[in-house]
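Position chain B against the provided structure of chain A, taking the given hints into account.
Chains as they are written, first to last, in my numbering: chain A, 8 to 585; chain B, 8 to 585.
Careful: at least some of the hints might be erroneous.
Copies of the same chain are indistinguishable here, so a pair counts whether it falls within one copy or spans any two.
Claimed, not checked - Quick list of in silico lysine to any residue cross-link-like pairs, SDA-like style, CA-CA up to 20 Å:
#1 Lys449 - Ala195
#2 Lys449 - Asp193
#3 Lys473 - Met305
#4 Lys477 - Ala195
#5 Lys543 - Gly55
#6 Lys237 - Val372
#7 Lys237 - His67
Honestly, the hints are just simulated from the structure, not real lab data.
There are 2 protein chains.
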Amino acid sequence: MSAPVSSTPRARPLLSTMMDVPLTVQTILERIRTLYFDREVVSLMVAGRDEAGNPVPEAHRSTYGEVAERALRLANALTALGVQQGDRVATLAVNSYRHLECYLGIPSMGAVLHTVNIRLHPDQVAWILNHAEDRVLIVENLFAGLIPAIRAACPGLEAIIVMGPTPTPIDGVLDYDTFVAGHSSDFAYPDLDERQAAAMCYTSGTTGNPKGVLYSHRSTLLHSLAAAPKDALDVGERDTVMAIVPMFHVNAWGLPYTCALVGAKQVFCGMFSDGKNVARMLEQEQVTITAGVPTIWMGLLGELDRAQTAGTPYDLHRLNSLVVGGSAAPEAQIRAFQTRHGLKLNHAWGMTETHPLGTVSVLPVGVDLISDEGYALQAKQGRTVPLIELALLSDSDEQGGAGELLPHDGKTMGRLMARGPWVAASYYKGEGQSNFMTLGGKLWFDTGDIATIDARGYMHIQDRSKDLIKSGGEWISSVDLENALMAHPAVAQAAVIAVPDPKWDERPLGVLVLVAGASAPDHAELTAFLAPRFAKWWLPDAYEVVAAIPIGATGKFLKRELRDQFTAYQGAGTASRD
Amino acid sequence: MSAPVSSTPRARPLLSTMMDVPLTVQTILERIRTLYFDREVVSLMVAGRDEAGNPVPEAHRSTYGEVAERALRLANALTALGVQQGDRVATLAVNSYRHLECYLGIPSMGAVLHTVNIRLHPDQVAWILNHAEDRVLIVENLFAGLIPAIRAACPGLEAIIVMGPTPTPIDGVLDYDTFVAGHSSDFAYPDLDERQAAAMCYTSGTTGNPKGVLYSHRSTLLHSLAAAPKDALDVGERDTVMAIVPMFHVNAWGLPYTCALVGAKQVFCGMFSDGKNVARMLEQEQVTITAGVPTIWMGLLGELDRAQTAGTPYDLHRLNSLVVGGSAAPEAQIRAFQTRHGLKLNHAWGMTETHPLGTVSVLPVGVDLISDEGYALQAKQGRTVPLIELALLSDSDEQGGAGELLPHDGKTMGRLMARGPWVAASYYKGEGQSNFMTLGGKLWFDTGDIATIDARGYMHIQDRSKDLIKSGGEWISSVDLENALMAHPAVAQAAVIAVPDPKWDERPLGVLVLVAGASAPDHAELTAFLAPRFAKWWLPDAYEVVAAIPIGATGKFLKRELRDQFTAYQGAGTASRD
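Extracted from the complex, chain A is given alone in its bound form:
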């Protein structure tokens, strides 16, 4: 018995006896059709215009049962139109029940839902439609004015379908509701390979052309499963979820799929994402979970403060979580929501290339939320959701050696690498291959972020690698400085950028937008304000006040434009290095 087990090599590993059932979006559609048909889907739509020409909101109420039936009719209608498996069907639309029908119906027929960012310039929209080789475009009536230009620029587009009524008929386009109503809801699901493309999103393309990412049925289902548990987004049937993050932006962080899979009621704001409408919908629909970028929460915070001061606070007692992503929420904002309104901001981190959920800032056991440690951890991007791996890589130029793994000590900054079944392995048409690399025999995606990871796995984004300030061979995180500056009472917005420096290579410059009516703090005051939290050599050498910081289509600062503007900047002197 003590002799080693014999080592005859096996021909192949033993396979399991389990069913080979593919993970597909069809499963999600069938769940809302058969189990959750009574749950509501509420959409704020444009009912008309007031005298000043501003759109007037009106809540449209539907159910998952109706959404499922119409999604199946849509699948039949697109099939009748000639759309086949793998064909790209584009949407240019706001968050609504109709967009949700597209989310479910288009992938379930094996076609690819391509959500296009409505905030892009029409030329960029046309470029993306052409690059994706979209055959059909489904466009919200709000953007119907773009149709002639798009049609002219995109000869490959074979059909255009408009969601909602248009003031004047447009020649040769189909009406979405009529199109859907004209076909049966008795749809025979095709057999799909779970690795088939289900949806497509383009990166924001702040450098170079936008690049396409094709999500699979598998990645969509796995992401939905991993996003639901309590240490991720904590979504269940009894929840009411309002995704303010647009459905054209990384599948609204996957929430439409996650919510449908578990039966949560969904609320959509459509084009009404200002503080007042958001607060009103949160209260009216008794929302439990909402999700958006920091600028949305800035608007909401202002409205909540206003209402509280006016003695008419909103009743948001059912609201458990405001998920914040897209860019980092400053700790001051997290504290303001908690202390003034008892509301919890939860950081999530991800990208178009990660489908997007990579990390969530759930606190570890034993750490109280309302404590300095708690707030500090909440201001980080958090820990990985299951199946996602992160690593830090040294910079081949600066830190010696090409791609060495760096320690997770909460201090060492490195290039953030991600890997997992819902992380991109390439871009559409094989572009941008330098963002993907093999380490230790495994493929990793270079996020372009610079981050730290602590011993408990908390990841903290320090900067975009292109925005990092490289001063005397060391790295300075612009994001940390910006968040600290925005806690100053006179500062509304802050961007810290690198400006060339003859001695240190680069030095930080603070570009500030002031709070209305505030006077500009001087350099000494800001230096004193930041000094307790940073090494002396991190502190900006100078500040410039501007009326506005340029913002891109996904709501992020366009630092490249700022750098171009200040490239020849000669400021108030170089800080000493000690």
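Chain B in isolation, oriented as in the chain A frame:
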């Protein structure tokens, strides 16, 4: 633009650009090693014997960090022994940290964890070890007495490893702790195909020989993801979970994997699953979720009642959920826990062939738990977890036609069919193929259960198909009658079985175990007790009182033995059919 989209057939569907990352148990092991290393694993072990020879429990405290390290050492040790990918490594062990190490280490090296039921007769254990062609056996010291017999009966077994000290040395066996300590924790994970077998369980085999089911890495990961959310088992890092369901029984309902994936603390009772030890551990470790079969909860209820009456109730305020499965908990038991102790029993349903989680009895929105509707729904097996599909099929003999799909109306009984990525497609070595069938081009597993499904998807097991009583061409559910009979104050246990009847083919006979000291109710009294809830022709024609009902190795009634015993039964007269 109004012409249909051209319909050139595509060569193949468009694949996504996402990474091809396999779902493997290695991911779970790496999560506890890198993120949750501080979380505790508490195991009740045998510290010695008292003067009466009864085992004395003692809590062993470990952490996920230690478990992960030892799991990796185990993988290296087994590799050094010659174990290769696909080799079966059997365990014959109670729930403990060592068994958890096997759960993680054995699949992570590509070998197959084969958990053997410790309650089987030694001849059955040997039969299963031989059938599975296990090469290594890891056995708890409690069962070391079986080693000579197993060794004699299983010549294919090349190594035996004993967990824990033995009173006298056994020649030629390895000590688990020494074996593990002798190897490095620096283990190079092999690349695995997610469809490879990770674990193996045998069905209880109440009919015919036991049959093996091989779980895959994929099914284990998907099951873990689907089991975590709030409408399933609701497990997160802040939870403390005590799986009383044995780790040799369908992977303890997957809880060791689910808990490790999300970082929940785990508590194991080992061999101490009596009411007193269970209650003490629930209190001492502040358990939030526990899981077991109804007989465990019967024991716990008795202890909680006793302690309450004695004025020394247990403090179980953190206990959110007692998951009940294996067989149905009577509504009376669910009500007793809720009304007397404020504790919630949650039904889950599954089988060895379903890995096991198929349904959970989470209430729909708008239904209050503490209401007649709430209790009635809680007594059902619940709704499917995501990715599992259920269907009802007519019986080819009785209901005309072979395999017609039956309506989900909450009334129509049918053969319960299941399908999903963690449902078996066959048994090991291709046995029992009649349990798998193709319907509408898809493979389904015939559970052998008879059930109803209502319009909201709530599934309710009516009977095992072999235990169903077929009376005059109609079906009578033994389970419903048993649950109703067990609500009678004089009845401790009830089994209702079919006995042959010349006129009706079969008629129900009630076999009762009385509450200690109670006198047997007569036929008229029991008939009057059941009459309000059942059609007259369902009511048993007669009752027999027995000292005990035979119980199988998985804790279920062995009705086949009862039927054999009462096969020639001629009772007190045949009930009229109207």
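Against the structure, the hints come out as follows:
With identical chains, the CA atoms of lysine 449 and alanine 195 are at most 20 Å apart between copies only, with a shortest distance of 13 Å across copies and 39 Å within one. In this homomeric assembly, lysine 449 and aspartate 193 come within 20 Å of each other (Cα to Cα) only across copies, at 18 Å, whereas the closest approach inside a single copy is 44 Å. For the identical chains of this complex, lysine 473 and methionine 305 are neighbours neither inside a copy (26 Å) nor across copies (63 Å), given an alpha-carbon limit of 20 Å. Proximity of lysine 477 to alanine 195 under the C-alpha cut-off of 20 Å is found in neither arrangement, the shortest distances being 58 Å within a copy and 37 Å between copies.
Proximity of lysine 543 to glycine 55 under the C-alpha cut-off of 20 Å is found in neither arrangement, the shortest distances being 56 Å within a copy and 63 Å between copies. Taking the shortest alpha-carbon separations for lysine 237 and valine 372, both the intra-copy value of 13 Å and the inter-copy value of 19 Å come in at or below 20 Å. In this assembly of identical chains, lysine 237 and histidine 67 lie within 20 Å of each other by CA distance neither inside one copy nor across copies; the values are 30 Å within and 29 Å between.
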